[in-house]
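Residue numbers (my numbering): 1 to 443.
Bear in mind the hints are in silico, worked out from the structure with no lab data behind them.
Think of the CB as a built atom: it goes at the ideal place given N, C-alpha and C, for glycine as much as any other residue.
Check before you lean on any hint, since a few could be wrong.
[Said to hold, decoys possible] Pairwise CB distance ranges, derived in the manner of DEER restraints:
#1 A148 <-> P385: 41 to 51 Å
#2 A206 <-> L83: 36 to 46 Å
#3 E157 <-> A93: 17 to 27 Å
#4 D156 <-> A236: 42 to 52 Å
#5 S100 <-> S160: 39 to 49 Å
#6 E59 <-> G168: 42 to 52 Å
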Amino acid sequence: MIRQLTICLTATGLTILSGCGGGGGGDTLVTPVANSCSAQGQVDFMFNLMNDIYFWIDEVPPVANVGFTTPEAVLEAFRFQPLDTFSGLRDRAANDAFFSNSQFIGFGFGTSVTDDNQLRLTQVFGDGAAAAAGLARGDTITAIDGRAVSEILAADELGSAFGPSEEGVAATLDYIDAMGNNLTVQLTKGVVTIETVSRVNTFDVAGRTVGYLSFRTFVEPAFAALDTAIADLAAAGVQSLVLDLRYNGGGLIDVAEQLASQVGGAATVGQIFARRLHNAANSDLNVTTRFNNETTALSVTDVVVITTGATASASELVINALRPFVPVTVVGSNSFGKPVGSYQYEFCDKVAVPTAFESVNANNDGRFFDGFVPDCPAADDLDNPLGDAAEASLAEALFVIENGACSANSRRVARSASARATVDGQRRALRALSDWQQTLVAF
Numbered sequence: 001m002i003r004q005l006t007i008c009l010t011a012t013g014l015t016i017l018s019g020c021g022g023g024g025g026g027d028t029l030v031t032p033v034a035n036s037c038s039a040q041g042q043v044d045f046m047f048n049l050m051n052d053i054y055f056w057i058d059e060v061p062p063v064a065n066v067g068f069t070t071p072e073a074v075l076e077a078f079r080f081q082p083l084d085t086f087s088g089l090r091d092r093a094a095n096d097a098f099f100s101n102s103q104f105i106g107f108g109f110g111t112s113v114t115d116d117n118q119l120r121l122t123q124v125f126g127d128g129a130a131a132a133a134g135l136a137r138g139d140t141i142t143a144i145d146g147r148a149v150s151e152i153l154a155a156d157e158l159g160s161a162f163g164p165s166e167e168g169v170a171a172t173l174d175y176i177d178a179m180g181n182n183l184t185v186q187l188t189k190g191v192v193t194i195e196t197v198s199r200v201n202t203f204d205v206a207g208r209t210v211g212y213l214s215f216r217t218f219v220e221p222a223f224a225a226l227d228t229a230i231a232d233l234a235a236a237g238v239q240s241l242v243l244d245l246r247y248n249g250g251g252l253i254d255v256a257e258q259l260a261s262q263v264g265g266a267a268t269v270g271q272i273f274a275r276r277l278h279n280a281a282n283s284d285l286n287v288t289t290r291f292n293n294e295t296t297a298l299s300v301t302d303v304v305v306i307t308t309g310a311t312a313s314a315s316e317l318v319i320n321a322l323r324p325f326v327p328v329t330v331v332g333s334n335s336f337g338k339p340v341g342s343y344q345y346e347f348c349d350k351v352a353v354p355t356a357f358e359s360v361n362a363n364n365d366g367r368f369f370d371g372f373v374p375d376c377p378a379a380d381d382l383d384n385p386l387g388d389a390a391e392a393s394l395a396e397a398l399f400v401i402e403n404g405a406c407s408a409n410s411r412r413v414a415r416s417a418s419a420r421a422t423v424d425g426q427r428r429a430l431r432a433l434s435d436w437q438q439t440l441v442a443f
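Using the sequences and the hints given, assemble the complete structure.
Next comes the structure, spelled out in structure tokens:
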């Protein structure tokens, strides 16, 4: 059987370049090697890989290795519909840059399609072309290279509208800023670094010190960034925590274990973090991982997690792992819904990431393919900055901590058809993007 150690969870199954996730189970894992990088060699590699490790191999009809010309075609022939929107093939260099350095090629912003079919900026990364041009969270893109966004969305072509993820690719954007000005800007794609921990703050809520941590992605630079952030929050004596994962599409399981262990603190040390379960032929790889005893950790009585349709995989793993041991309230909108993960298989200039296992928590809860439904629905308030106490999702989180219940406004949101449309719109928008853009939720 083919074995490989590297493990990760992301919205699209992207994997990592270093070991993670508490090891690989019973026997020693080895990296498979393609016999050649010819078209047939790559096809054979992918065919053998899918037959071995694919989580749903027992659920799909037998596939014969006949007529395939690309490894992508092989993967599609095995893909288990409708659940598997995660398995994929990635560019090896781009995969390395993202998970090792928290970098991607793009303009440096994230987007969301609102319930009224507007394309708005959710976040702008500090060293990207968008930030340099003055774009900001909440801006509304109305046209891309002269083509109306309404037309692009109607044709379901948002994933390709901004061009390929290559340095030097340019696009002209028409947009409306926060003051209502109609503006036009030309941006050129380059290397953008995602700051993994984007905001750390504390709030005084009815005499309680509440910590706020906005966490963007589970990649290697996050290990040190989380240590610093958690140490600062611990020194401030936080009693409750708001963990903002609204745009976090996942990443390394090792980072998820660290974050969950630092948030859970003494209540979780040595407890079951997750069980990874494989197909019947690979049951020897099934493994139980446990929360770590982290040097820097919190001692909080409750946790509120902010989610959207862009909250996926490792982010959802943290929520699921903590729930048996720490009171966790979810605020925002439905998370993405990815309770499965992948191993990394590098071959030629590609990385194959077929879905290989599912994860369940200490109570054997998992299989949340429809995402986590928020306990207290709230809007992703693009008219206010992230980390601002007036921003709708953070305001709801602080209300829950103070009152132990959802606000009246949250109950109205839960009843409103527009809120449901917003959730559906976020999920449609995320799935409409290309695989690499899905994982980043950014361009």
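Results of checking the hints against the structure:
At about 28 Å, the beta-carbon gap between A148 and P385 misses the expected band of 41 to 51 Å. Separation of A206 from L83 is about 44 Å and conforms to the stated range, judged on CB atoms against 36 to 46 Å. For the pair E157 and A93, the supplied restraint of 17 to 27 Å holds, since their beta-carbon distance comes to about 26 Å. Roughly 46 Å separates the CB atoms of D156 and A236, a value that falls within the hinted 42 to 52 Å.
The given range of 39 to 49 Å is broken by S100 and S160, whose C-beta atoms sit roughly 27 Å from each other. Under the hint 42 to 52 Å, the C-beta atoms of E59 and G168, about 43 Å apart, fit the expected range.
When held up to the earlier numbered hints, the structure conflicts with 1, 5 and fits the remainder.
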